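Novice: Position chain W against the provided structure of chain C, taking the given hints into account.
2 protein chains.
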Amino acid sequence: MNLIVANILPGKYDTDMIIPSAAILVIGDEILSGKTEDLNARLLIGELRELGVALKRIFVIPDDVDEVAQAIRELSTKFDYVFTSGGVGPTHDDVTLAGIARGFDVPIVCHPQLEAIIRGYFGDKTDESHLLMANVPEGAELIDGPDIRWPVLCVRNVYILPGVPEHFRRKFLAIRERFRVAPFFNHAIFTKEDEFDLADNLRAVAAANPLVAIGSYPNFSSEEYRVKLTLESKDATALDAAVSQLMDLLDRDRFVRSE
Amino acid sequence: MNLIVANILPGKYDTDMIIPSAAILVIGDEILSGKTEDLNARLLIGELRELGVALKRIFVIPDDVDEVAQAIRELSTKFDYVFTSGGVGPTHDDVTLAGIARGFDVPIVCHPQLEAIIRGYFGDKTDESHLLMANVPEGAELIDGPDIRWPVLCVRNVYILPGVPEHFRRKFLAIRERFRVAPFFNHAIFTKEDEFDLADNLRAVAAANPLVAIGSYPNFSSEEYRVKLTLESKDATALDAAVSQLMDLLDRDRFVRSE
Chain C
569 MNLIVANILP GKYDTDMIIP SAAILVIGDE ILSGKTEDLN ARLLIGELRE
619 LGVALKRIFV IPDDVDEVAQ AIRELSTKFD YVFTSGGVGP THDDVTLAGI
669 ARGFDVPIVC HPQLEAIIRG YFGDKTDESH LLMANVPEGA ELIDGPDIRW
719 PVLCVRNVYI LPGVPEHFRR KFLAIRERFR VAPFFNHAIF TKEDEFDLAD
769 NLRAVAAANP LVAIGSYPNF SSEEYRVKLT LESKDATALD AAVSQLMDLL
819 DRDRFVRSE
Chain W
569 MNLIVANILP GKYDTDMIIP SAAILVIGDE ILSGKTEDLN ARLLIGELRE
619 LGVALKRIFV IPDDVDEVAQ AIRELSTKFD YVFTSGGVGP THDDVTLAGI
669 ARGFDVPIVC HPQLEAIIRG YFGDKTDESH LLMANVPEGA ELIDGPDIRW
719 PVLCVRNVYI LPGVPEHFRR KFLAIRERFR VAPFFNHAIF TKEDEFDLAD
769 NLRAVAAANP LVAIGSYPNF SSEEYRVKLT LESKDATALD AAVSQLMDLL
819 DRDRFVRSE
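Chains as they are written, first to last, in our numbering: chain C, 569 to 827; chain W, 569 to 827.
By construction, these hints were calculated from the structure, which means they are not laboratory data. One or more hints might be untrue.
[Stated by the list, open to error] Keeping only pairs whose Cα atoms sit at most 16 Å apart, straight-line, the calculated EDC-like set for lysine to aspartate or glutamate is:
1) W:Lys796 / W:Asp819
2) W:Lys796 / C:Asp662
3) C:Lys603 / W:Glu615
[To be verified] Quick look at which bits of chain W chain C covers, simulated, 3 or more residues with Cβ under 8 Å:
4) 596-602
5) 625-636
6) 654-661
7) 732-743
8) 760-771
[Stated by the list, open to error] With beta-carbon atoms standing in for the labels, derived distance ranges:
9) W:Gln681 / C:Asp819: 31 to 37 Å
10) C:Arg822 / W:Pro680: 31 to 37 Å
11) C:Phe753 / W:Val674: 38 to 44 Å
12) C:Arg717 / W:Arg820: 49 to 55 Å
13) C:Asn787 / W:Arg820: 54 to 60 Å
Everything numeric in this text was worked out from a predicted model, so none of it was measured. Just so you know, even glycine gets a beta-carbon here, dropped at the ideal spot from N, CA and C.
Isolated chain C (complex conformation):
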């Protein structure tokens, strides 16, 4: 239960080729019922990409302790990092901490440093309802960082962030750099060939280039192109080789542009 200062501890990975994986767990009836639009997963998608982390899963689930517990067990086992959004206030619909504790099968305990922070903030007005916020899953760590009043709570590989978008953003930015690894390299090719014509060539290039992820996205409303092909890799040399192989197979007359 130590206070870890962000950016001092290195990330889990420091080689180019190992790609850390991540999942986002949004906990919120308000998102599923359409009362509130999700902004937090949307922010993290771009942030994780820029950091070189491979986002592998987004779950949006209801405010339910057992649902949170089950999702945490699954996601924390499968992925290097799990980021939760929402469910961390003092009301009955805030079940994230209880769910994480149940997921890891640990008790909820009072965190002395968190209690000190709460007492420091509320001063003489501190009451029982405030102090309940010091109750967290056993083993939780506090991560301090720039521009945040309250530290980010972390249990094992689960980083717990608030649902209110401006707080979510500020807290994630405060801990962001600890996740940075080598960047992804990207290439896009636009063509007027249709996916039926492209399928065999794409299959061949994808099979021959395991370090490169290749995607094919038709656009039925564009005048300019019919399909956008995306290639991406952490290995710039592997990416160039795949782009070059694919370009050799494409119909030059229907090629539009690449970037």
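Specialist: Structure of chain W alone, referenced to chain C:
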């Protein structure tokens, strides 16, 4: 393997109090990597709400057969309806149908009606790559509807929709009415009380009103209010009772408005 005309078969539920549940499964590396913004889950959130269906889960997963299979097994067992988005074209990254077949442990077979539709569309130009699109999980049904050229494919309780947003939208709207049930009733209360003050009262009202879902959402940037409380139910009488109980417990001096 019958062609079902939308709006003729009634929905699974026709009573007010049984609330059908749904999950959205978005299959797409392009969403997880931030290359494309999800519009389809966002559309369905609002549509399902308006139809009276309770959305209980959104999953966003990669283009991977085993990942799709596992998600389909879980979601189709837990929820009444599963809507998939993406991964239905002819290229190597289109793995939705293979994933659904694996999830249900059924073979991929040629669907004679789908083959006839494909031959009717492409005419003399029909080739093997087009006909591959007639290969679907055994037991798949075709649902026809207004304004759609291609029927919606459905395997058991899984409705398979394309990733391209304009096609996703048109296809969902064509089958939408088969899912309609009694609507949700909503009420919102805005107050200047903070969540620490509200927590006990909310817990009491939530416990006494099991037919009503109560949410509490702080807003730290509003001048007008501090917390928005939402109450919702399929039972208008139960909703009114809960609103009235809660209003009696709230601090009148800090009440802002309700709607």
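Novice: List, from low to high, the hint numbers that the structure doesn't satisfy.
Specialist: 12
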